[in-house]
Each structure stands twice: as structure tokens, then as C-alpha cells.
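Participant: Given the sequences, and given the hints that come with them, work out the whole structure.
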Amino acid sequence: MDSLAIVCGVAAGIWLSRPWMARYAQGAIQAVNMVTAIPTLGKLALMMSLLGIGALPAIVGLWIATLLPIIRNTYEGIRAVSPHLLDAARGMGLDQGEILRRVELPNSLFVIFAGIRTAMAVNVGTAPIAFLIGGGGLGELIFTGIDLQETGMMLAGAIPTALLAVAVDFLFGQAQYWLVPRGVNPLRNVY
Amino acid sequence: MATIRIDGLTKTYATPRGPVNAVDRVSFEVADGETCVLLGPSGCGKTTTLRMINRLVTPTSGKVLIDGRDTDAADPVLLRRTIGYVIQQIGLFPNMTVAGNIGVVPRLLGWDARRIRSRAAELLTMLAMEPKDFLDRYPGELSGGQAQRVGVARALAADPPVLLMDEPFGALDPVNREAIQDEFLRMQHALKKTVLFVSHDIDEAVKMADSIAIFRAGLLEQHAAPDVLLSRPANDFVAGFVGSDRTLKRLRLIQAGEVMVTDLRGPAPGAPTVRATDDLRRVATLFLEHGVESLVCVDDGGNVVGHISRAAVAARLGSARP
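As they're listed, the protein sequences go chains A and B. Going by my numbering, the first sequence opens with residue 1, and the numbers climb by one from there. Going by my numbering, the second sequence opens with residue 1, and the numbers climb by one from there.
Take these hints with a grain of salt, some might be off.
Said to hold, decoys possible - Examples of chain A residues toward chain B, derived with CB under 8 Å:
| no. | residue |
| --- | --- |
| 1 | HIS84 |
| 2 | MET92 |
| 3 | GLY93 |
| 4 | THR126 |
| 5 | GLY183 |
Keep in mind the hints are simulated off the structure, nothing from the lab. Ideal Cβ placement from N, Cα and C applies to all residues, glycine included.
Facilitator: Have a look at this one:
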């Protein structure tokens, strides 16, 4: 599910950053920012009113919450690539696809990864409240535990949630460290 | 090997105040292996002209012919792979090492990795950079002068016959600029590329150019050899642009040997000596420092080959090179 959000988010961000989308991109990013501003619980509630109760609205709601920061960071990251690099690349005879693959994506990858990490943190952190619209998951243990004042049950949900969040962030942190080229990776370069 | 012919080249931009010709019916020719400097104040159309040659800017009308072939007929992407391109902002790709940057075009052309790396090493050596120290560095680890040397190496990587340079050394400090200009001249002497070089610095132009094209407001005002341009500017604009010290600027263009008289009885013993391959800046310096009327001219082995009189220098400066 998350990998689908990453793929869709990066693809949408790239698409918005293309020159022929320039007219619509700003508006689209404004819309993305507006939706991002809605708290996740609000998004889930809206999904519930559209799609009813159950796993489906929960998954769709969380998917959107994950998607948006990825779209935004991909778009902004690519747009921040210096125009001189693009001029040099074009002047040397790279075509649009080669410029995207060899210049735009590698030079914005760090920012794209930052977006993915944000998205993952939001996702794992707020997944438990999906229980509130019938989404199930670890939230079931947490909220039931709170209601019944059963600390053990609550922790049985809370501890795995916390571990999952830490593990996911660590994993993407490592991916960011190793996959972003050293020359444009502030975590790795020494100058 | 490439001759560039520019024929009636025009670029018109629509502005709120109506169409403006950034480049207006410009025609000139650059012979194979020569360096032509496009010179003029900012906004004069020199960069636009340059960018129409590799079709980063599409001409409104007119033609660019490379070896007689109309560049309009070529695929712009493939065309650009045969034309080196250097810009003032350098534009090295920070995600790639020096070797990676130099190898961009060769990779597109399908060279194998080993050949690309040895080509990168060869180019760095030509530009006075030690390959084993620099090949695996990232652009962020280079000084401005080093980065622009890599920029030049990258443009030359696939051995293109034509090189376009847009104020390539404009952002460097004067010491570095002199050094890289000298290296480039030395390299160009061996490689004989056809170079179009945009500059706004008359001294740089006089130093680098076989011919200088002076632009104003999209029009080509004069295209001539530096010595002709300095001795016979076509109009007041050109005269003003090259400066009131244009005679001094010519000194660098003329070698002592050209004004020497091969008369070995010449001046009195003890007169200062100058080498035949020195330019007239050295000759003028010696005249001024010693207050003499003539100098002894020697060859590189130190043998006397003639003498130079003040009158001969004045006569030479009074006329342009034929």
C-alpha cells in the first residue's frame, strides 16, 4: 500500500514538474497543501462519510495522507534543481528523459526521500486511529485497552506501533543514506 | 574540422512593447580551427547568437551552416552531442564525480567505461590537473578554477569539432582566469577546434581570438582580426568599445620579430635585448625603462638576429597587419 503511494506520489510529482504542466502545477500544489493541512483524523472522517465504515475508507484516507507529502517534495525537489544544470545538460545533447534520469532525479533525490520519510512517519503514527472508522489494526488494541483501562492490552498495541514507526524510519533513513549519490547527499559528503 | 557559416540569423522576441530583434540579420563565417570571440555589452545578442548555433534557441529566420550542412535539418539532440558547450556557471552535475561529468556525452555515444575513464584522465592532464587526485572527486570538492577546467574537459570529451563557450572564464578571479586562458590557448593550439567564445572583456577577446565579432543591440558591428579591429575600428561604437588605449592593446598581438631589421651592425653594444618571439609589450617596456632608441633582437638560443628601432615599431603600429 505504501509502496503504491510512493510510486504514485513520485510519479505525480515528476508529472507536475514537467514544463508542459507548469500552468497547472502551482494550482495543483496549492490544492495538495490544502488537503495536507487537514488533520489525518479529519481526512479519515471525510473518507468515512464518502465510503462508509470499514477497512476501505481507512486505507484510502491513509493512502492520501501518505501521498501528498511525497508529491509535494518530489515536485519542489525537481523544481529546485539549478537551471544552469538543465542548460548544461540540454546543451550537451541530453534529451528530456535523460535529463530527468541523470540530472533532475539524482539531484532532487534527497528531498524526495525526506518527503517519503515524512509520509511514512505520518502513516505509521496515525494508522491506529483508523480503528475509529472501523479500519481495524493495532488501534483496536490501543483504543479498547484505553476504554477498558487494560494497560496490558493498550501496550500490546502501543509498543508494536512505536517499534514499527522507529523501524520504518530507520529503514528509509538507511535507504536515503545509501541511495542518494554522495555528491548531493548532505549526510555523506564531507565538505 | 568544421567551418561555421552564419547567414542572416535573426531572433525576434515578442515583448509587451512589440517584437524586438535580439539578433538582427547577423552573418559571418568562422574558418576551421579558428577562435571567434563574440564581444559586446550585455543584451547585445551575442549569447543568443551562440545559443542558436546549438539550437538551444530556435532562430526566427536565417541559417547556421556547419561544414555547409544546415543545422536546421539535424535532430537538435544529436547535433548538440557534436558541439562542445561551456557556460559561465559551469553547470557540473553535482551528483556525478569528475570522471562521471566528463563521461556524460561519451556515455550517450556508447563508449565503453574504460575508454571513457582514460579519455577523462587524458583531458585532465591536458588541463594541468592530476587525474588520480581528481577523477573521483565530486564537483563540490573543487575550487572555481578547477571546476571550470572540468567544464572545459567535459565539453571536449567526445572530441567535438566545434566548441561553444559562453563567458567561460567570467566568474573566475583574475589570476585563475589568466592561467586557464593560457592553458586553453595551449590546448587549442594542439586541438584546432572551431571555437565560438562569448565575452564582454576586450582584453580577453584580444588574447584569445583569431577574429572578433562586435555586437550592439542585435547587430553585428564589425567582424575582423583583433589587430584590424584595434587599428581600424569600423565606427565610433567599436572604437569606444575597444577603448582609447587600443594601441596599447595591439602590442600583445605583434611579435618583436615582425618589426625587427635583420641588420647585425645595428645598435651599440650593451643595448637591451629582446627575444624575437616576445610581443611588443616587452619591447615597449624595454624602450621605456632604458630610454634607448633601439634594442637587440635575439633568437631562442640567444644569438643576435637583428635589431628593433622605435621608428620601426611606430611604423608597424601605424598600419594594420595586411
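Participant: Hint by hint, note whether the structure agrees.
Facilitator: Evaluated hints:
A distance limit of 8 Å between C-beta atoms decides the matter here; for A:HIS84 the minimum to chain B is near 4 Å, and the interface restraint holds. Hint on A:MET92 holds. Least Cβ distance to chain B is approximately 6 Å, under the 8 Å limit. Below 8 Å, beta-carbon pairs count as interface contacts, and A:GLY93 has one with chain B at about 3 Å; its hint therefore holds. At a threshold of 8 Å, the smallest CB-CB gap from A:THR126 to chain B is about 34 Å, leaving the interface hint violated.
With a least beta-carbon distance of about 3 Å to chain B, the hint placing A:GLY183 at the interface is held under the 8 Å criterion.
In summary, the structure is inconsistent with hint 4 from the numbered list given earlier, while agreeing with all the others.
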